[in-house]
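Add chain L to chain X, keeping to what the hints say.
Protein chains: 2
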Amino acid sequence: MGSAAGERAVNVRGAAPKQDRSRATRQRLLESAVTCLAEHGWSGSTVTVVAEHAGVSRGAAQHHFPTREDLFTAAVEYVAEERSRALRAAIDRGPADEAAASPAYTAVRTLVDLYTGTLFRAALHLWVAATNEPQLGPRVAALEARIGRETHRMAVELLGADEREPGVRETVQGLLDMARGLGLANLLTDDSARRERVVAQWARLVEQGLQG
Amino acid sequence: MGSAAGERAVNVRGAAPKQDRSRATRQRLLESAVTCLAEHGWSGSTVTVVAEHAGVSRGAAQHHFPTREDLFTAAVEYVAEERSRALRAAIDRGPADEAAASPAYTAVRTLVDLYTGTLFRAALHLWVAATNEPQLGPRVAALEARIGRETHRMAVELLGADEREPGVRETVQGLLDMARGLGLANLLTDDSARRERVVAQWARLVEQGLQG
Numbered sequence: 001m002g003s004a005a006g007e008r009a010v011n012v013r014g015a016a017p018k019q020d021r022s023r024a025t026r027q028r029l030l031e032s033a034v035t036c037l038a039e040h041g042w043s044g045s046t047v048t049v050v051a052e053h054a055g056v057s058r059g060a061a062q063h064h065f066p067t068r069e070d071l072f073t074a075a076v077e078y079v080a081e082e083r084s085r086a087l088r089a090a091i092d093r094g095p096a097d098e099a100a101a102s103p104a105y106t107a108v109r110t111l112v113d114l115y116t117g118t119l120f121r122a123a124l125h126l127w128v129a130a131t132n133e134p135q136l137g138p139r140v141a142a143l144e145a146r147i148g149r150e151t152h153r154m155a156v157e158l159l160g161a162d163e164r165e166p167g168v169r170e171t172v173q174g175l176l177d178m179a180r181g182l183g184l185a186n187l188l189t190d191d192s193a194r195r196e197r198v199v200a201q202w203a204r205l206v207e208q209g210l211q212g
Numbered sequence: 001m002g003s004a005a006g007e008r009a010v011n012v013r014g015a016a017p018k019q020d021r022s023r024a025t026r027q028r029l030l031e032s033a034v035t036c037l038a039e040h041g042w043s044g045s046t047v048t049v050v051a052e053h054a055g056v057s058r059g060a061a062q063h064h065f066p067t068r069e070d071l072f073t074a075a076v077e078y079v080a081e082e083r084s085r086a087l088r089a090a091i092d093r094g095p096a097d098e099a100a101a102s103p104a105y106t107a108v109r110t111l112v113d114l115y116t117g118t119l120f121r122a123a124l125h126l127w128v129a130a131t132n133e134p135q136l137g138p139r140v141a142a143l144e145a146r147i148g149r150e151t152h153r154m155a156v157e158l159l160g161a162d163e164r165e166p167g168v169r170e171t172v173q174g175l176l177d178m179a180r181g182l183g184l185a186n187l188l189t190d191d192s193a194r195r196e197r198v199v200a201q202w203a204r205l206v207e208q209g210l211q212g
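Line order of the protein sequences matches chains X and L. Per full-length UniProt numbering, numbering of the first sequence is gapless, rising by one per residue and ending at 212. Per full-length UniProt numbering, numbering of the second sequence is gapless, rising by one per residue and ending at 212.
Same shape as in the complex, but just chain X (with noise of 0.2 Å):
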């Protein structure tokens, strides 16, 4: 029984680190399905190249994804998490000492920023690739769902709207349609002194629109 017990606990002891180690591969393959995705696009992006990338071979790849679509839309979602779990931990921190921004013009200046980068690159491949992959579309709808309304979410927090008010909802999502657009904007060119232009006059309408 005593033997029993302790193999128990080799057991359990040797099952966390194999359990950590499929999560970081997991995690790898996560990641890395996104950076090809923003790289390749999606005619560019298998699983077997997201794999190599990952270091890990296309079997255990499988294993964790049994499709392609199912790589490639956790990948998606999963980024978007990260990223809302990064942008809470700074909005619960409170704003930085920004003297000459006004409050309006740091929400708006950081929802921007968020259609910049590679994970909307990715996105917008995975979004237009939906439109002609009947098994893509339904998926990557919903997806596209949940990731608007958190995202809508944190907008209203951040710009510390209050949706009671007439038009400030419509404000806050033609605010985000227009980062939107934003980001399609920096896709083949890089768009940033304009962008920059567009922001700081943007602020100042919002601030007027969210006054309800």
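Some hints could be false.
[Unchecked claim] Output of the computed footprint for chain L on chain X, the stretches with three or more beta carbons under 8 Å from beta carbons of chain L:
(1) 53-66
(2) 126-137
(3) 152-161
[Unchecked claim] Here are a few chain L residues that face chain X, going by a calculated C-beta distance under 10 Å:
(4) Tyr105
(5) Gly117
(6) Gly137
[What the hints assert, rightly or not] Computed Cβ-Cβ distance ranges for the label pairs, DEER-style:
(7) L:Glu163 <-> X:Glu157: 30 to 36 Å
(8) X:Asp70 <-> L:Gly148: 35 to 41 Å
(9) L:Ala86 <-> X:Glu150: 37 to 43 Å
(10) L:Pro103 <-> X:Thr67: 24 to 30 Å
(11) X:Ala24 <-> L:Asp190: 49 to 55 Å
(12) L:Gln19 <-> X:Ser84: 21 to 27 Å
(13) X:Pro66 <-> L:Arg88: 51 to 57 Å
(14) L:Asp113 <-> X:Ala141: 31 to 37 Å
The set of hints was computed from the structure by calculation and includes no laboratory data. Even glycine gets a Cβ: it sits at the ideal position worked out from N, Cα and C.
Then chain L, alone, in the frame of chain X:
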């Protein structure tokens, strides 16, 4: 000499229908290319697919457009120009009798509508493909810049905006970014009800922004 002149006359008469036919074929190819791109995406839109859709032989298609890149960049440019012409004619005719709508609302509505049809879908597929296709990238970036400038000019006219006033240029730009973002939001699901509410609110914000 009389006979030679007669021959020339026949040639001239014979040449006109041939040129017309050639131009009609070219137009059919361009319109088919945009339709195919919107429906099947870049990877599903080969020259063969477009030629078939247009009812033209592959050889004839290649006579007009030596490469796939030629065909699709020309197609998006052609359809964008056709749309500009139609919109300019509508602007010249003056506002329709929309009793309840403010001029700003009508202008914002018209601009947003530019980004919800077949042309936007086709252009989006081309833009996204251009991020991964070196032979497409610079051409599409140049095309995007040309279409963007023309759309901005039309927006300024439609809104009656005075860009010498501070902030007005950025108000118009941000509005077009928002319109592009709304187009993206309409890609996988019918977003028209939400879009309508955003347009109503943003028309008010734009009106304030245009006052400088």
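Structure-based check of each hint:
1. Residues of the segment 53-66 of chain X with a Cβ under 8 Å from some Cβ of chain L number 0, which does not satisfy the need for three, so the listed coverage is violated.
2. Here the segment 126-137 of chain X counts 7 residues with a CB under 8 Å from a CB of chain L, which clears the bar of 3, and the coverage holds.
3. Interface restraint, the segment 152-161 of chain X with chain L: violated (0 residues with C-beta to C-beta distance below 8 Å; minimum three).
4. Interface restraint check: Tyr105 (chain L) against chain X, minimum CB-CB distance 13 Å, threshold 10 Å, status violated.
5. Violation of the interface hint for Gly117 (chain L) is found here, the shortest Cβ-Cβ separation to chain X being roughly 14 Å, above the 10 Å cut-off.
6. Using the Cβ-Cβ criterion of 10 Å, the hint placing Gly137 (chain L) at the interface with chain X is satisfied: the shortest such distance is roughly 6 Å.
7. About 35 Å separates the C-beta atoms of Glu163 (chain L) and Glu157 (chain X), a value consistent with the hinted range of 30 to 36 Å.
8. A beta carbon spacing of about 37 Å between Asp70 (chain X) and Gly148 (chain L) agrees with the range 35 to 41 Å that was offered as a hint.
9. At roughly 39 Å, the beta carbons of Ala86 (chain L) and Glu150 (chain X) sit within the given window of 37 to 43 Å.
10. About 51 Å separates the C-beta atoms of Pro103 (chain L) and Thr67 (chain X), a value inconsistent with the hinted range of 24 to 30 Å.
11. Under the hint 49 to 55 Å, the C-beta atoms of Ala24 (chain X) and Asp190 (chain L), about 41 Å apart, miss the expected range.
12. Distance hint check for Gln19 (chain L) and Ser84 (chain X): the Cβ-Cβ separation is about 59 Å, which falls outside the suggested range of 21 to 27 Å.
13. For the hinted restraint 51 to 57 Å between Pro66 (chain X) and Arg88 (chain L), the CB-CB distance of approximately 53 Å keeps it satisfied.
14. Between Asp113 (chain L) and Ala141 (chain X) the beta carbons are some 22 Å apart, a value that contradicts the proposed interval 31 to 37 Å.
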